[in-house]
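*Asks:* Residue numbers (the working numbering), protein chains in the order written: chain A, 1 to 293; chain B, 1 to 293.
Since the hints were made in silico from the structure, they are not lab data.
Model, not experiment: these values are computed from the prediction.
By construction, the Cβ of each residue, glycine as well, lies at the ideal position given by its N, Cα and C atoms.
Sample of chain B residues lacking proximity to chain A, with all beta carbon distances greater than 10 angstroms (derived):
hint : residue
1    : Glu16
2    : Leu38
3    : Gly44
4    : Tyr48
5    : Thr55
6    : Pro100
7    : Arg150
8    : Lys247
9    : Gly269
10   : Leu285
As a list, the in silico PhoX-like pairs of lysine-lysine whose alpha-carbon atoms are at most 25 angstroms apart:
hint : chain 1 : residue 1 : chain 2 : residue 2
11   : A       : Lys180    : B       : Lys101
12   : A       : Lys107    : B       : Lys180
13   : B       : Lys62     : B       : Lys15
14   : A       : Lys107    : B       : Lys289
15   : A       : Lys288    : B       : Lys107
16   : B       : Lys199    : A       : Lys199
17   : B       : Lys156    : A       : Lys199
18   : A       : Lys101    : B       : Lys180
19   : A       : Lys199    : A       : Lys156
20   : B       : Lys199    : B       : Lys224
21   : A       : Lys180    : B       : Lys199
22   : A       : Lys149    : A       : Lys15
23   : A       : Lys224    : B       : Lys199
24   : B       : Lys107    : A       : Lys180
25   : A       : Lys156    : B       : Lys199
26   : B       : Lys30     : B       : Lys288
2 protein chains.
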Amino acid sequence: MVLIDGKAVAAQIKKEIAEEVVLIKEAGGKTPHLAAVLVGHDGGSETYVAAKVRTCEEVGFKSSLIHYEDDVKEEELLACVERLNNDTDVDGFIVQLPLPKHISEQKIIEAIDYRKDVDGFHPVNVGRMSIGLPCFVSATPAGILELIKRYGIETKGKHCVVLGRSNIVGKPMAALMMQKACPGDCTVTVCHSRSQNLKEMCLSADIIIAALGVPEFLKADMVKEGVVVIDVGTTRVPGASTKSGFKLTGDVKFDEVSPKCSYITPVPGGVGPMTIISLMRNTLLAGKKAICK
Amino acid sequence: MVLIDGKAVAAQIKKEIAEEVVLIKEAGGKTPHLAAVLVGHDGGSETYVAAKVRTCEEVGFKSSLIHYEDDVKEEELLACVERLNNDTDVDGFIVQLPLPKHISEQKIIEAIDYRKDVDGFHPVNVGRMSIGLPCFVSATPAGILELIKRYGIETKGKHCVVLGRSNIVGKPMAALMMQKACPGDCTVTVCHSRSQNLKEMCLSADIIIAALGVPEFLKADMVKEGVVVIDVGTTRVPGASTKSGFKLTGDVKFDEVSPKCSYITPVPGGVGPMTIISLMRNTLLAGKKAICK
Chain A
1 MVLIDGKAVA
11 AQIKKEIAEE
21 VVLIKEAGGK
31 TPHLAAVLVG
41 HDGGSETYVA
51 AKVRTCEEVG
61 FKSSLIHYED
71 DVKEEELLAC
81 VERLNNDTDV
91 DGFIVQLPLP
101 KHISEQKIIE
111 AIDYRKDVDG
121 FHPVNVGRMS
131 IGLPCFVSAT
141 PAGILELIKR
151 YGIETKGKHC
161 VVLGRSNIVG
171 KPMAALMMQK
181 ACPGDCTVTV
191 CHSRSQNLKE
201 MCLSADIIIA
211 ALGVPEFLKA
221 DMVKEGVVVI
231 DVGTTRVPGA
241 STKSGFKLTG
251 DVKFDEVSPK
261 CSYITPVPGG
271 VGPMTIISLM
281 RNTLLAGKKA
291 ICK
Chain B
1 MVLIDGKAVA
11 AQIKKEIAEE
21 VVLIKEAGGK
31 TPHLAAVLVG
41 HDGGSETYVA
51 AKVRTCEEVG
61 FKSSLIHYED
71 DVKEEELLAC
81 VERLNNDTDV
91 DGFIVQLPLP
101 KHISEQKIIE
111 AIDYRKDVDG
121 FHPVNVGRMS
131 IGLPCFVSAT
141 PAGILELIKR
151 YGIETKGKHC
161 VVLGRSNIVG
171 KPMAALMMQK
181 ACPGDCTVTV
191 CHSRSQNLKE
201 MCLSADIIIA
211 ALGVPEFLKA
221 DMVKEGVVVI
231 DVGTTRVPGA
241 STKSGFKLTG
251 DVKFDEVSPK
261 CSYITPVPGG
271 VGPMTIISLM
281 RNTLLAGKKA
291 ICK
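Use the sequences and the hints to build the structure in full.
*Replies:* Written as structure tokens, this is what we have:
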């Protein structure tokens with residue numbers, strides 16, 4: 001069993017990006033610039049955005065943080081998006097989700113110029129991904145694909161079962177794994193809460209990508225020997241043994257499933273560390289105008 | 001075994017659309033207007049476009065046909081698209097594919113205002129469909145969904161196997177069948193030329209949507225009793241017994257598969273007749289500004 005070390009891969013990619021940024025700067029090129037818009041004081045959001053800004057510094061990007069209070073009006077936020085769309089120094093930007101209830105997240109996402117949409121949530125990027133055109137792939141799916149690639153996991157013709165049909169993980173993951181590409185070329189099955197035959201599907205899977213958000217859902221009797229398991233779940237479960245009082249728990253019952261796996265990602269330390277680095281890669285691509293002119 | 005009569009359903013929907021157009025006109029509303037752009041003299045394309053224009057007349061739509069020669073320049077075609085985008089009388093329009101090799105189909109598709117993209121090929125419409133937002137769904141997938149709906153075929157929790165991963169049938173069909181909707185809510189598997197386990201997948205399927213373009217690919221020993229089979233294949237196979245010298249052949253070996261089916265679409269007369277009527281429905285929706293403001 002190989003434990004997929006997302007932390008190590010993320011560190012390696014971070015190093016590669018930093019080296020490329022040095023070369024860009026040495027050649028007199030423009031420093032990639034990521035802007036982040038944060039609304040309110042949700043603890044999770046503040047932590048994520050801070051980590052994104054910090055990683056920008058570490059790889060040599062320029063970053064900007066625009067912070068609004070909880071009561072910001074939708075029009076103000078839309079005007080901000082419009083400013084960032086038109087700011088030629090900003091290569092890519094994100095509006096950290098979730099947003100307060102009085103603001104339509106979809107409206108904000110669709111207002112972003114898709115050429116700067118490094119989160120990959122704009123319908124144009126979702127559609128281009130499905131069609132197989134160059135696009136910004138959202139962070140979690142992009143990170144998972146990179147792990148599969150760097151560990152040299154064979155995907156062609158394999159049966160990949162995706163558990164969950166969310167717009168940010170399940171659906172894009174399915175689209176990517178069925179693509180005529182490497183990684184890709186899988187027979188892909190998407191299971192979800194309504195699936196009647198979920199267990200037998202998992203038992204026939206060569207690769208399982210678990211993104212249901214149900215702690216320890218996938219058990220040993222649901223997987224075959226030699227399966228590859230990618231665990232996207234990150235639910236906070238109360239746990240007295242930790243300082244914070246909770247434990248980050250995946251969708252996989254790791255102790256019993258891992259002995260049957262050829263490869264498995266742990267939680268934490270698997271998919272998680274890849275997400276911010278995927279955003280950095282998208283920002284680098286945006287800076288290089290590598291995806292859309 | 002129920003034979004799904006696409007011709008009858010299409011005729012029924014045509015009647016419904018025509019009745020709605022009468023009501024719109026009586027209320028002083030605008031007559032829906034579909035424009036079609038045809039390039040060159042491909043026999044298939046000319047026949048399709050003529051049928052679309054004729055159906056417009058039958059349901060009471062206004063239609064326009066813009067015909068270019070084979071040697072039309074890409075810029076001319078882009079200028080035409082731009083004119084149609086800005087023509088407030090045109091509610092929706094299509095550029096009939098395929099286009100001559102010197103013209104980028106993707107460039108033309110992306111130039112179309114997605115709010116007039118009644119073919120549903122623009123990345124915004126593809127992306128919106130994947131996310132589950134209101135959009136123009138392309139004709140063949142929309143037609144299949146309508147057949148499933150009108151025949152009251154249960155889909156929730158069922159295993160739907162889609163054979164083929166094309167951008168115009170396989171991928172959108174998979175996206176629609178996994179959607180939290182009715183029809184929808186299926187466990188969806190997408191198989192294709194690289195799939196190692198295609199036969200066992202088909203054997204476990206409650207619903208099979210065959211869109212590989214391989215004549216008589218699906219055989220009796222690949223399906224279970226009671227399966228629903230939707231045959232999207234339409235390959236012209238030489239056949240001496242017909243006047244035209246060819247026979248339209250589906251992806252399903254109908255004679256041997258049909259006795260095992262609860263429902264099956266014939267070829268011709270199944271999915272085929274639904275495509276033009278789906279385009280008419282999209283045009284009606286465009287006329288009513290029902291999808292995008």
